[in-house]
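Visitor: Put together the whole structure using the sequences plus the hints.
Residue-level listing of the chains:
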Amino acid sequence: MSDERLDAEDLNRLRELGQRFMRAVPHNKALGLELRSVGEGRAEIFLPYDLRLVGNPETGVLHGGAISALIDACCGAAVFQALRKPMAIATLDLRIDYLKPAAPGVGVIARAHCYKVTRHVAFVRGVAFLDSEDDPIATSAGTFMLGTRTTSRTEGAA
Amino acid sequence: MSTRDSWLRQVLAEARATHDPSRLAAVVPYAQTMGISLLLAPEGPHAGELLGVMRFAEHLIGNPVLPALHGGALCALLESTAIFQLLWESELSATPRTIGLTVEYLRSGRPVDTFARGMPTRQGRRVTNVRVEAWQDDRSRPIAVASAHFLVHSDEGPAKLEI
Numbered sequence: 001m002s003d004e005r006l007d008a009e010d011l012n013r014l015r016e017l018g019q020r021f022m023r024a025v026p027h028n029k030a031l032g033l034e035l036r037s038v039g040e041g042r043a044e045i046f047l048p049y050d051l052r053l054v055g056n057p058e059t060g061v062l063h064g065g066a067i068s069a070l071i072d073a074c075c076g077a078a079v080f081q082a083l084r085k086p087m088a089i090a091t092l093d094l095r096i097d098y099l100k101p102a103a104p105g106v107g108v109i110a111r112a113h114c115y116k117v118t119r120h121v122a123f124v125r126g127v128a129f130l131d132s133e134d135d136p137i138a139t140s141a142g143t144f145m146l147g148t149r150t151t152s153r154t155e156g157a158a
Numbered sequence: 001m002s003t004r005d006s007w008l009r010q011v012l013a014e015a016r017a018t019h020d021p022s023r024l025a026a027v028v029p030y031a032q033t034m035g036i037s038l039l040l041a042p043e044g045p046h047a048g049e050l051l052g053v054m055r056f057a058e059h060l061i062g063n064p065v066l067p068a069l070h071g072g073a074l075c076a077l078l079e080s081t082a083i084f085q086l087l088w089e090s091e092l093s094a095t096p097r098t099i100g101l102t103v104e105y106l107r108s109g110r111p112v113d114t115f116a117r118g119m120p121t122r123q124g125r126r127v128t129n130v131r132v133e134a135w136q137d138d139r140s141r142p143i144a145v146a147s148a149h150f151l152v153h154s155d156e157g158p159a160k161l162e163i
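Read top to bottom, the protein sequences are chains A and B. The numbering of the first sequence is the numbering used here, which starts it at 1 and goes up by one. The numbering of the second sequence is the numbering used here, which starts it at 1 and goes up by one.
Hint data in this document are derived by calculation from the structure and do not stem from the laboratory. Errors might be hidden in some of the hints.
[Stated by the list, open to error] What the simulated footprint calls covered on chain B by chain A, stretch by stretch (three residues with Cβ under 8 Å from a Cβ of chain A suffice, anywhere in the stretch; the number is not a length):
{"id": "1", "region": "52-60"}
{"id": "2", "region": "76-84"}
[Stated by the list, open to error] From the structure, some residues in chain B lie toward chain A, with a derived Cβ separation under 10 Å:
{"id": "3", "residue": "GLN32"}
{"id": "4", "residue": "THR33"}
{"id": "5", "residue": "LEU40"}
{"id": "6", "residue": "PRO64"}
{"id": "7", "residue": "VAL65"}
{"id": "8", "residue": "LEU66"}
{"id": "9", "residue": "ALA68"}
{"id": "10", "residue": "ALA73"}
{"id": "11", "residue": "THR98"}
{"id": "12", "residue": "ILE99"}
{"id": "13", "residue": "GLY100"}
{"id": "14", "residue": "THR102"}
Note that CB positions come from ideal geometry on N, CA and C, so glycine has one too.
Guide: Here's what the structure looks like:
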């Protein structure tokens, strides 16, 4: 990693990469995730409300699993924005605290910040909210492995 | 279980009466979307145990190059399995609400069916802690583990989980 700050051109390139990433990842596409903005080590992703993602049919509130996937994807996108060159990453661990349920009929916004990158590991925290980041529905802390295997496996698990 | 959850209590009773836990997963739209269901382990040392299963589908992929399952999908399987299992195996006064969970990803998830099973580590009056493991072909080689804690208390009536 270099300490140089990214210029506007770099940020544009990263944003384009990020949008391609959203479309190229089948599960992100299936959830309808929309990359709203990126910055240096930061990402914001929107999960539109979708009846297919409801956890409790009586209340119409989105399932916690969909929020988890949103946060996981957003944390990963933030890590990408913190890297000087694209490389494969994999979630090592992710802790999510659910502060309150989402609201029926309303999409969820996630913001994540990758605040430290070392040679092998990136550290990231995230938040999910409906209207305001000051009133979150979930918060998270996670670590990602960098430069993971990019070739297809031959057999067994890595 | 609170009166608010009477629909769920009814589904649970039907699922138990027919020994078919998949009926429980079938009423949750998100579980249907994810291909997450429930089954009773057919044979072996774990026969009769409730297992969560996530049937592989292309839309669960998070890394199309490897390919590998999306971390969020595994997280959903672990969390759902724990909740379904608490409902199936305990007499709760309320639907479990997730307070938090920590997922450790141990191996990349291959594009095949994934199974999960929770082990309650503590069942309290208000909070239950569960450790959940997910595996694919080999149960002794989990691909992800989670520790999760759930609020199981209802203000509408006394909880019955004190042990």
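Visitor: If a hint holds in the structure, say so; if it does not, say that too.
Guide: Here is what the structure says about each hint:
Note: the region 52-60 of chain B has 3 residues with beta-carbon separation from chain A under 8 Å; the three-residue rule is met and the coverage holds. With 4 residues having a beta carbon nearer than 8 Å to a beta carbon of chain A, the region 76-84 of chain B meets the requirement of three or more and the stated coverage holds. Annotation: interface hint on B:GLN32 holds; nearest CB of chain A at approximately 8 Å, less than 10 Å. Nearest Cβ of chain A to the Cβ of B:THR33: about 4 Å, under the 10 Å cut. The hint holds.
Taken as an interface hint, B:LEU40 does not check out: its beta carbon lies about 22 Å from the nearest beta carbon of chain A, beyond 10 Å. Using the Cβ-Cβ criterion of 10 Å, the hint placing B:PRO64 at the interface with chain A is satisfied: the shortest such distance is roughly 6 Å. The interface hint given for B:VAL65 holds, since its Cβ lies 6 Å from the closest Cβ of chain A, which is under the 10 Å cut-off. A distance limit of 10 Å between C-beta atoms decides the matter here; for B:LEU66 the minimum to chain A is near 6 Å, and the interface restraint holds.
The restraint placing B:ALA68 at the interface with chain A holds, with a minimum CB-CB distance near 8 Å, inside the 10 Å limit. Interface hint status for B:ALA73: upheld, as the beta-carbon distance to the closest one in chain A is roughly 6 Å, under 10 Å. With its C-beta approaching chain A no nearer than about 5 Å, B:THR98 sits inside the 10 Å limit, and its interface hint holds. Interface hint status for B:ILE99: upheld, as the beta-carbon distance to the closest one in chain A is roughly 6 Å, under 10 Å.
A distance limit of 10 Å between C-beta atoms decides the matter here; for B:GLY100 the minimum to chain A is near 4 Å, and the interface restraint holds. Hint on B:THR102 holds. Least Cβ distance to chain A is approximately 4 Å, under the 10 Å limit.
In the structure shown, a violation is registered for the earlier hint numbered 5 alone.
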